[in-house]
Amino acid sequence: MKAKISTEWLSGCSGCHVAIVDLHEKLLNLADEVEFVRVPVLMDEKGYPEADIGIVEGAIRSVHDREAVEHMRDSVRTLVAFGTCAVYGGPSGIGWLHDSESVFAQVYDGGPTNAGHERPDAGAPRLEESVVPIDEVVEVDFLLPGCPPSPYFIAAALRLLLDGSGPKLSKRTVCSGCTRKMSRRPGTALRKGAVTAADERLCLLSQGVVCMGSVTLDRCFSPCPQKGVACTGCNGPSLNIIREPQVDYRGVLAGTMSFLTGISEADVKAYIEAEAKTFYAYSLASPAIYKKPTVELREWAGDGHRHD
Amino acid sequence: MITIQVDEKACVSCTLCVDACETRVFAFNDATGLPEVVNAKECFGCLACSAACPANAIDHTGVPHSMNFYYDLHSLDMLSKMTGDAADAVPAIASADVKRGLDDLGARLLSLGAVLSATLRSGLPAVGTFAGRTLANQLPRYRVPKNFEEALALAIEEFAPAWQLEPKVSGDTLTITVKDCFLRRLAQKHNSETGGDLCTLFYHYLAGYLSRMGKVRLRHTATERGCDACTYTAQIHPS
Numbered sequence: 001m002k003a004k005i006s007t008e009w010l011s012g013c014s015g016c017h018v019a020i021v022d023l024h025e026k027l028l029n030l031a032d033e034v035e036f037v038r039v040p041v042l043m044d045e046k047g048y049p050e051a052d053i054g055i056v057e058g059a060i061r062s063v064h065d066r067e068a069v070e071h072m073r074d075s076v077r078t079l080v081a082f083g084t085c086a087v088y089g090g091p092s093g094i095g096w097l098h099d100s101e102s103v104f105a106q107v108y109d110g111g112p113t114n115a116g117h118e119r120p121d122a123g124a125p126r127l128e129e130s131v132v133p134i135d136e137v138v139e140v141d142f143l144l145p146g147c148p149p150s151p152y153f154i155a156a157a158l159r160l161l162l163d164g165s166g167p168k169l170s171k172r173t174v175c176s177g178c179t180r181k182m183s184r185r186p187g188t189a190l191r192k193g194a195v196t197a198a199d200e201r202l203c204l205l206s207q208g209v210v211c212m213g214s215v216t217l218d219r220c221f222s223p224c225p226q227k228g229v230a231c232t233g234c235n236g237p238s239l240n241i242i243r244e245p246q247v248d249y250r251g252v253l254a255g256t257m258s259f260l261t262g263i264s265e266a267d268v269k270a271y272i273e274a275e276a277k278t279f280y281a282y283s284l285a286s287p288a289i290y291k292k293p294t295v296e297l298r299e300w301a302g303d304g305h306r307h308d
Numbered sequence: 001m002i003t004i005q006v007d008e009k010a011c012v013s014c015t016l017c018v019d020a021c022e023t024r025v026f027a028f029n030d031a032t033g034l035p036e037v038v039n040a041k042e043c044f045g046c047l048a049c050s051a052a053c054p055a056n057a058i059d060h061t062g063v064p065h066s067m068n069f070y071y072d073l074h075s076l077d078m079l080s081k082m083t084g085d086a087a088d089a090v091p092a093i094a095s096a097d098v099k100r101g102l103d104d105l106g107a108r109l110l111s112l113g114a115v116l117s118a119t120l121r122s123g124l125p126a127v128g129t130f131a132g133r134t135l136a137n138q139l140p141r142y143r144v145p146k147n148f149e150e151a152l153a154l155a156i157e158e159f160a161p162a163w164q165l166e167p168k169v170s171g172d173t174l175t176i177t178v179k180d181c182f183l184r185r186l187a188q189k190h191n192s193e194t195g196g197d198l199c200t201l202f203y204h205y206l207a208g209y210l211s212r213m214g215k216v217r218l219r220h221t222a223t224e225r226g227c228d229a230c231t232y233t234a235q236i237h238p239s
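Sequence order for the protein chains is U and P. Using my numbering, the letters of the first sequence correspond one by one to residues 1 to 308. Using my numbering, the letters of the second sequence correspond one by one to residues 1 to 239.
In case anyone wonders, no lab produced these hints; they're calculated from the structure. Misleading hints may appear alongside valid ones.
[As the list claims (entries may be wrong)] So these bits of chain P aren't anywhere near chain U, every CB distance computed over 10 Å:
hint	residue
1	E149
2	A153
3	I236
[Unchecked claim] No farther apart than 25 Å at their CA atoms in a straight line, the calculated lysine to any residue pairs in the SDA-like style are these:
hint	chain 1	residue 1	chain 2	residue 2
4	P	K81	U	Y152
5	U	K181	P	N29
6	U	K277	P	F130
7	P	K81	U	D141
8	U	K227	P	E8
9	U	K269	P	V18
10	P	K215	U	Y290
11	U	K168	P	V6
12	U	K291	P	D103
13	P	K9	U	P223
14	U	K168	P	A87
15	P	K146	U	D99
16	P	K81	U	A19
17	P	K81	U	L160
18	U	K181	P	E8
19	U	K168	P	G84
20	P	K9	U	L202
21	P	K81	U	S150
[To be verified] Output of the computed footprint for chain U on chain P, the stretches with three or more beta carbons under 8 Å from beta carbons of chain U:
hint	stretch
22	8 to 15
23	45 to 59
24	78 to 89
Every residue, glycine too, gets a C-beta built ideally from N, C-alpha and C.
Please put together the full structure from these sequences, using the hints given.
Here's what the structure looks like:
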């Protein structure tokens, strides 16, 4: 008998659903073993049919999201938080910085592109006060972060969930898959902003660019740093950052960069704090990050006003 | 006996581990571009190399980890769900471990209180207030109270079970009675008097939290200490 898979999308971009299609010919092999009973991007299924595996992408942003994930939990045996939004809140998680009233005020009352300044009171699900990852609302059985996760890891996770065979998923960081060479370059200056570096074979950290590869879990095979784009941490924190309560992105990146380049740790930390909305963009709504020594995270990343 | 494994495929040849190790366990082999364990018996399991490794490529076996009391259980729970590896699952904590952890925390609080009072006696209220405001900032935004009454209701919930609060507002006067108190139990256990520096810290911690959450300023006017309860009185001013 074929295993049944049901999927649902919440507050996200649907990119994770598209990533399932990126399995290409593996999808055909998969079709021999599984039957998709609910896929919003492909099928017009309004209910929540019983299934063995439930795949949920997106964070909880509105009342609809909360109800949908509860229906999913009730109708499937194994629930997978699929993609960074479901696991950590993702970019939607930036809503964690503001209450829903100020989000409405910013977008509808004062938004320059909203001519009538009318609020959508009817016909749209009510926003919740904040944004939370789905495991804050229901019990989740498997977490597959990634923005989106690489098809290799999607196939490996499904293999593991279908019959428990196949390798466990990687515990490495993005650095481990990057071909750039990490070596010491004392005297390098800190380079701020969305910049790349001249040497294509040398690690971006060694060239003064803050790349988050060393603090990010590998669910992607490091495409960005190898093409000269600094890692933004879209797969969420690496396992040692999740495990150790006192370890945070800032400290690890500052330590590594200062060893490689001689830039002072304080400079790197100050830069990360000033640009916290970028460096914490994918994971700030998760207690795995905001319960760390990141007590001022809301002030670094928020509107910049202090309350006292 | 501690053994160290280096995942050679993951290693990025940065030499951070060689530099991080205080006891010179590693030597870097320039020919292979990998660190070699040359002095394994000197390793005392500080895990500085693991923490420094950008590729998470160094694993130790035989290192006694601290009790998972100190870890965040939700985060530990995420690990095995992320790799599918049962070895990463959360080990169970016995209630004896929790008790040991709490005793340890109590002892640390007492020594912290002693250090603070010796170094910054007059600054204690400021330390307490800062800690309270930090706590208020840290709570998820969906619990923002709409007025001071809601802030008080939330505080009762947040401070339980360590502190049992009974706040009362009449006019612009706030009276908070603290009945069951973690600090009083601690003082009784260690035969010290209540009303010391930790109590000062606690009041300002609570006041800092309340003033941030309730958007008011609180001016402390009186403290009454009884054997079963302490009562703090403060004037409420709009912020």
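Right, here's what the structure says about each hint:
Distance check on E149/P: its Cβ is at least 18 Å (rounded) from any Cβ of chain U, clearing the 10 Å threshold; non-interface status holds. The beta carbon of A153/P sits about 16 Å from the closest Cβ of chain U, which is more than 10 Å, so the claim that it is off the interface holds. With a least beta-carbon separation of about 16 Å from chain U, I236/P lies farther than 10 Å from that chain, consistent with its non-interface assignment. At most 25 Å may separate the alpha-carbon atoms for a hinted pair to count; K81/P and Y152/U meet this at roughly 17 Å.
Pair hint K181/U plus N29/P holds up; C-alpha atoms about 15 Å apart against a cutoff of 25 Å. Only pairs whose Cα atoms come within 25 Å are accepted, and K277/U paired with F130/P is accepted, the gap being roughly 24 Å. With a C-alpha separation of about 6 Å, the suggested pair K81/P and D141/U falls inside the 25 Å cut-off, and the hint holds. Proximity of K227/U to E8/P is assessed by CA-CA distance (about 23 Å); at most 25 Å being required, the pair is judged to hold.
Only pairs whose Cα atoms come within 25 Å are accepted, and K269/U paired with V18/P is accepted, the gap being roughly 24 Å. In summary, the hint linking K215/P to Y290/U is supported, as the alpha carbons are separated by about 23 Å, within the 25 Å threshold. Straight-line distance between C-alpha atoms of K168/U and V6/P comes to about 18 Å, which keeps the hinted pair within the 25 Å bound. Taken as a hint, the K291/U and D103/P pair is honoured in the structure, with Cα atoms around 23 Å apart against an allowance of 25 Å.
Annotation: proposed proximity of K9/P to P223/U holds, straight-line Cα distance about 17 Å (limit 25 Å). Of the pairs offered as hints, the one joining K168/U and A87/P holds, with about 11 Å between alpha carbons and a cut-off of 25 Å not exceeded. The hinted pair formed by K146/P and D99/U meets the criterion: a straight-line CA distance of about 12 Å does not exceed 25 Å. Restraint check for K81/P and A19/U: the C-alpha separation of about 20 Å stays at or below 25 Å, so the hint holds.
Simply put, K81/P and L160/U have alpha-carbon atoms about 11 Å apart, close enough for the 25 Å limit, and the pair holds. For the given pair, K181/U sits about 15 Å from E8/P by alpha-carbon distance, which is consistent with the 25 Å threshold. In summary, the hint linking K168/U to G84/P is supported, as the alpha carbons are separated by about 6 Å, within the 25 Å threshold. For the given pair, K9/P sits about 18 Å from L202/U by alpha-carbon distance, which is consistent with the 25 Å threshold.
A C-alpha spacing of about 17 Å is found between K81/P and S150/U, which places the hinted pair at or below 25 Å, so the restraint holds. Interface restraint, the stretch 8 to 15 of chain P with chain U: holds (7 residues with C-beta to C-beta distance below 8 Å; minimum three). Here the stretch 45 to 59 of chain P counts 7 residues with a CB under 8 Å from a CB of chain U, which clears the bar of 3, and the coverage holds. Under the rule that three or more residues need a Cβ within less than 8 Å of chain U, the assignment of the stretch 78 to 89 of chain P holds, with 8 such residues.
Consistency with the previously given hints is maintained throughout, with no hint failing.
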